[in-house]
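Chemist: Take a look at the letters that make up each chain.
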Amino acid sequence: MMDWIFEFIAADLRTMTPILLAALGMVFSERAGSVNIGAEGIMLIGALAGAAGSFLFGNIWAGAFVAMASGALIALLFAYLTVTLYADQIVVGAGLNVLGLGLSTSIARVLFGVNTTPPQLDAYKIVPIPLLEKIPLVGPALFQQKLLVYLAVALVPIVHFILFRTNIGLKIRAVGEHPKACDTLGINVYRTRYATLIISGVFLGLAGSYVSLGLLSFFTENMISGRGFIALAAVVFGKWKPKGILFAALLFGAGDALQFRLQASGTEIPYQFLLMVPYVLTIAALIGLVGKAKGPAARGKPYLK
Amino acid sequence: MRKSTIDLSKAVSPLLAIFFALLFGGAAIYLLGFNPLAAYASLAKGSVGSIKAVTETIVKAVPLIFTGLGFAVAKRCGMINIGAEGQLYMGGLFATAVGVYWDFLPPGIHLLVALAAGVVGGGIWGALAGWFKVRFGASEIITTIMLNYIASLFISFLVTGPMKEPKGEFPQSSQIALTAQLPRILPGTRLHLGFIVALLALAFFYYFLWKTASGYEMRVVGMNPEAARYAGMNTAKSSLLAMFMAGGFSGLAGATEILGVQFRLFQNFSPGYGFDGIAVALLGRNTPIGIFLSGILFGTLRAGANMMQMLAKVPVSVISIMQAFVILFVVGRSFFETRKNRVNILESESESDLDAEVGEGDRV
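Sequences listed follow chains A and B, in order.
Per the numbering used here, residue 1 is the first one in the first sequence, and the count goes up by one each step.
Per the numbering used here, residue 1 is the first one in the second sequence, and the count goes up by one each step.
By construction, these hints were calculated from the structure, which means they are not laboratory data.
The beta carbon of each residue, even a glycine, is placed where N, CA and C say it ideally should be.
Hints are supplied without guarantee of correctness; some may be wrong.
Taking lysine-lysine pairs in the DSBU-like style, the calculated list, with each CA pair at most 35 Å apart, reads [stated by the list, open to error]: (1) LYS241(A) - LYS45(B); (2) LYS180(A) - LYS164(B); (3) LYS301(A) - LYS75(B); (4) LYS239(A) - LYS167(B); (5) LYS171(A) - LYS75(B); (6) LYS164(B) - LYS301(A); (7) LYS52(B) - LYS305(A); (8) LYS241(A) - LYS237(B); (9) LYS305(A) - LYS241(A).
Here are some chain A residues pointing at chain B (derived, C-beta under 10 Å) [to be verified]: (10) ILE37; (11) LEU76; (12) TYR80; (13) GLY93; (14) GLY95; (15) GLY100; (16) VAL236; (17) GLN263; (18) SER265; (19) THR282; (20) GLY288.
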């Protein structure tokens, strides 16, 4: 029984990582007033870029870098359209999702061909933490993970510190609450929104690469399958706070992990219902526990000088 | 004076968006290692090159007009419906169930009931998201997306289990009865009666929103929920109705696709018509004529894409890239304006919308 629990925790940590990374990136941009429903598309491009980078350079970290750079680039496009041109954030986000699907699928077809056996890609490897990994039960579950898993968890207090204990964080939050006042005080609203969106793009790209090269070791069409949207829900569910987001990501990750476990255990339940678990859980979380939390006041609105 | 420039830009900017989407799409095709001219030539051949090609374009435009209406009617009430894909699947499922199992119904009636079932199936799925919103305050943007995945998985379960054709290898339902099939309008082509249903839906959309009291309330709620509440309107009722109608329109997309083209239910029978609807409504500015025209345009892309893959070997997914460019160029159209004009456009747009829709001509 204990084995089962710790194995489940290990699986939960693995599956929550892309959601946590993506959501921690988006908490910056959301706090500054941007809602990016194009997260799914950016993660998809990150997944492809990671695989492509690893394929072309033969090194996973080169792949990770390409993924982060491409995520930043697409986020820059989002920033230009929504911040500089005041375009509707939801519509631009929807456009980015279509772009992400089309671009990643087309490039994958050209790069890897159709119906061929997937090439061997350099993927993220498990990095055990010395000594700690030796602890019975806990060790294998918590300290024999891939580097990005540790990174995602370590980022929770770091992001919290930046947002709530530094001057930069104060500015970011102020821009999301009352951009006009910030402008009067000499805080550059446009630059803040650009910067936070680019940060979120880097995180989203990295999160995408973890899906293609951490959970699997290849790219398949539309492989993010809603994780970008779930990350968006995790930000709302976590009440725009890193600690809350960690909790939300653990919950959504648990849905995913549970689904894998049940499938593997050969249950009677048709697999389609197991695959539904993360999506049903997201809706349940949104209707059950959120509602009282209010997001940043200027969230989703363009700022006109 | 100002009015006329705005009207002109309203007509020109979608055309500019299409032009730039074709230009950038061509660049993308070139960068992927294909010949853009050959690609576009085969795209044109497959979409407008013959009578058959033209009718295929219309066949592809039918579901897009419905899903475009599904996005537009929700948007008019201030809701963002990203769930047309799931609503389409539920509509297709209900229509199939009636088409296959209710074959005791007389001809004519059977078809009508199957179409109505499509409206109900999609409508329930849309109203569910609307209910989550008005009752629990859950963002319809996220819940409609989650409902897309759930609908698609549910259909996958049905066609591999309870609804699987009794003697068959494939995960698909039995064929619907002949009496539930949409008749062909033009012999020798796949153009079916669903096109007329789509035209009726466009007329209904116009009539409902601009000629009825409920439609008026819906638009006021969409423009200014606070004012609507202050005027004593039931905003929750409007939002629910709008989401039911949005789902109903999208459900018809699935129903006509099954009853007119596929004749049976199987997993992923929509190649993304639900998501294309967002672009269709956006390009058509949520107006009936605009949705019709942009539905035809996106139908052209869909119909031509297969020929493009066949003749020029360009992957079908390139069409998504072009659609994304259309969306991004429509929303980014103020790129062509100076900063000052951009603000003016934004402000005058909401203002002229109010003028046209609330009918207060004497606003300053």
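Chemist: Now look at each hint and say whether the structure bears it out.
Modeler: Results of checking the hints against the structure:
1. Our distance criterion of 35 Å between C-alpha atoms is broken by LYS241(A) and LYS45(B), whose separation comes to about 54 Å.
2. For the hint pairing LYS180(A) with LYS164(B), the CA-to-CA distance comes to about 59 Å; that exceeds 35 Å, so the pair is violated.
3. Simply put, LYS301(A) and LYS75(B) have alpha-carbon atoms about 16 Å apart, close enough for the 35 Å limit, and the pair holds.
4. With a CA separation close to 52 Å, the supplied pair LYS239(A) and LYS167(B) exceeds the 35 Å bound.
5. The suggested pairing of LYS171(A) with LYS75(B) holds, with an alpha-carbon distance near 33 Å, which does not exceed 35 Å.
6. Note on LYS164(B) and LYS301(A): the hinted pairing is violated, with a Cα-Cα distance of about 48 Å set against a maximum of 35 Å.
7. Annotation: proposed proximity of LYS52(B) to LYS305(A) is violated, straight-line Cα distance about 53 Å (limit 35 Å).
8. The hinted pair formed by LYS241(A) and LYS237(B) meets the criterion: a straight-line CA distance of about 33 Å does not exceed 35 Å.
9. Distance hint between LYS305(A) and LYS241(A) is fulfilled; the C-alpha atoms sit about 29 Å from each other, no more than 35 Å.
10. For ILE37(A), the interface hint holds, since its Cβ comes within 10 Å of a Cβ in chain B; the closest pair sits about 6 Å apart.
11. Taken as an interface hint, LEU76(A) does not check out: its beta carbon lies about 13 Å from the nearest beta carbon of chain B, beyond 10 Å.
12. Interface restraint check for TYR80(A): the shortest CB-CB distance to chain B comes to about 8 Å, inside 10 Å, so the restraint holds.
13. With 10 Å as the threshold, the beta carbon of GLY93(A) comes within range of chain B, its nearest partner Cβ sitting at about 9 Å, so the hint holds.
14. Look at GLY95(A): its Cβ gets to within about 4 Å of chain B, closer than 10 Å, so that hint holds up.
15. Taking 10 Å as the C-beta contact cut-off toward chain B, the hint placing GLY100(A) at the interface holds, the least distance being around 8 Å.
16. At its closest, the beta carbon of VAL236(A) sits 7 Å from a beta carbon of chain B; the interface hint therefore holds under the 10 Å criterion.
17. Taking 10 Å as the C-beta contact cut-off toward chain B, the hint placing GLN263(A) at the interface is violated, the least distance being around 13 Å.
18. Against a cut-off of 10 Å between C-beta atoms, the interface hint on SER265(A) is violated, since the closest Cβ of chain B lies about 19 Å away.
19. Residue-level restraint check for THR282(A) holds (minimum Cβ-Cβ distance to chain B is 5 Å; threshold 10 Å).
20. Among the interface hints, the one on GLY288(A) holds; its C-beta lies about 8 Å from the nearest C-beta in chain B, closer than the 10 Å criterion.
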